[in-house]
Amino acid sequence: MICNSCGANNNEENKFCTNCGEELTAVENISQNACPNCGEENDEANKFCVSCGKQLIRKEDAINNNLQHKKMGIHPDKVGKSKKQLRRESKNNLKRNPARKTSNINNLKFLWITVGIVIGSIIIASAFDLIFNNSTDKKVLISRDEQKSANPIVEAKVYEIASKFVCSCGTCNEESLEVCACERAVEERQFIRDYLEQSTNGGQKPDDIVIAVANKYGWMKAEFASNYKVDPSRGWNPNRISGQTDQLLITKDVLPPVLNLINTKATISDKISIYSAFKCPCGKCRLDELKDCNCDHPGGAKEIKRFVDKKISENKYTVNEITDMVNNKYGGKKI
Numbered sequence: 397m398i399c400n401s402c403g404a405n406n407n408e409e410n411k412f413c414t415n416c417g418e419e420l421t422a423v424e425n426i427s428q429n430a431c432p433n434c435g436e437e438n439d440e441a442n443k444f445c446v447s448c449g450k451q452l453i454r455k456e457d458a459i460n461n462n463l464q465h466k467k468m469g470i471h472p473d474k475v476g477k478s479k480k481q482l483r484r485e486s487k488n489n490l491k492r493n494p495a496r497k498t499s500n501i502n503n504l505k506f507l508w509i510t511v512g513i514v515i516g517s518i519i520i521a522s523a524f525d526l527i528f529n530n531s532t533d534k535k536v537l538i539s540r541d542e543q544k545s546a547n548p549i550v551e552a553k554v555y556e557i558a559s560k561f562v563c564s565c566g567t568c569n570e571e572s573l574e575v576c577a578c579e580r581a582v583e584e585r586q587f588i589r590d591y592l593e594q595s596t597n598g599g600q601k602p603d604d605i606v607i608a609v610a611n612k613y614g615w616m617k618a619e620f621a622s623n624y625k626v627d628p629s630r631g632w633n634p635n636r637i638s639g640q641t642d643q644l645l646i647t648k649d650v651l652p653p654v655l656n657l658i659n660t661k662a663t664i665s666d667k668i669s670i671y672s673a674f675k676c677p678c679g680k681c682r683l684d685e686l687k688d689c690n691c692d693h694p695g696g697a698k699e700i701k702r703f704v705d706k707k708i709s710e711n712k713y714t715v716n717e718i719t720d721m722v723n724n725k726y727g728g729k730k731i
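The sequence shown lines up with residues 397 to 731 when you count with our numbering.
If you are wondering where the hints come from, they were derived from the structure by calculation, not from laboratory data. Treat the hints with care, as some may be off.
To be verified - Pairs of lysine-lysine residues, derived as DSSO-like cross-links and limited to a Cα-Cα distance of at most 27 Å, are as follows:
id, residue 1, residue 2
1, K661, K698
2, K725, K701
3, K601, K617
4, K706, K661
5, K730, K707
6, K712, K601
7, K675, K698
8, K725, K707
9, K661, K701
10, K712, K680
11, K601, K544
12, K725, K612
Whenever a hint applies, use it, and build me the whole structure from the sequences.
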């Protein structure tokens, strides 16, 4: 389409002239002699419009010129245009290209984000798997509450003394005290550590500390009990009835003399003996034995066991005294 203002050739789909920017309007030619600029009728011999003075381009000439330009490889839109016009058109084309580039970049970003999320998920899953596997495989775990000594000699002696005992909680698969990580084991090692700290200032000797641990917590390994002349009731009995991890197999070898039972303070290792002396007195359970019952009923198994554990932790009462206290408070003692 020829611009009515400047006469520049434009694509048919253009709404504005690429040369002057004026709106393109189609002028209906009455004949081949009409001026493409103003529409004025001219004679066939005229080369310029008699009305506006613009050069007249015959349709036959325009068609012939286009065919000749195509043979020469020149685009029709660039014919008759100055360098300035061509640069302006080039700039307009560059303005359109960024939109296409932006669209391509956005597509690439979406692709890379998706790939990044997949890779990140795999890495996180692998890290969690590694952490949890390591934590379950390590049996020697130290509690956060355990305060180690700054003196390496003291720490070495703590674990040396602890190796002579089994954890007295009764629920840790009877692990050796120096490797068990439960709260009771931490408490016992801290007890040893405190005594050792005092011994560096002229306090207890290591052998005295071993005896003190045995008297307070019990569960001393049999191979060490005779060396320290510890009462047999404070020793650890590895003999258990098959299938019952909490029930001790009582033999003549592990039963202490009657006088020692009367005078010795009860420890955590005596709780099963105390439980075994009672039936669950709540009257609502299918299990008769207190040691086997874990009911939450008022005056039931859990309440009684907490009472027994509390009295043992006070380190003031013998087994017989605690047994009488339980019977007086709750009843249920076997005849």
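Hints, one by one, checked against the model:
1. K661 - K698: holds (23 Å)
2. K725 - K701: Cα-Cα ~13 Å, so holds.
3. K601 - K617: holds (20 Å)
4. K706 - K661: Holds, at roughly 13 Å.
5. K730 - K707: holds (20 Å)
6. K712 - K601: holds (24 Å)
7. K675 - K698: holds (13 Å)
8. K725 - K707: holds (13 Å)
9. K661 - K701: holds (18 Å)
10. K712 - K680: At roughly 32 Å apart (the allowed maximum being 27 Å), K680 and K712 break the hint.
11. K601 - K544: holds (20 Å)
12. K725 - K612: Measuring from Cα to Cα gives roughly 25 Å; hence the hint holds.
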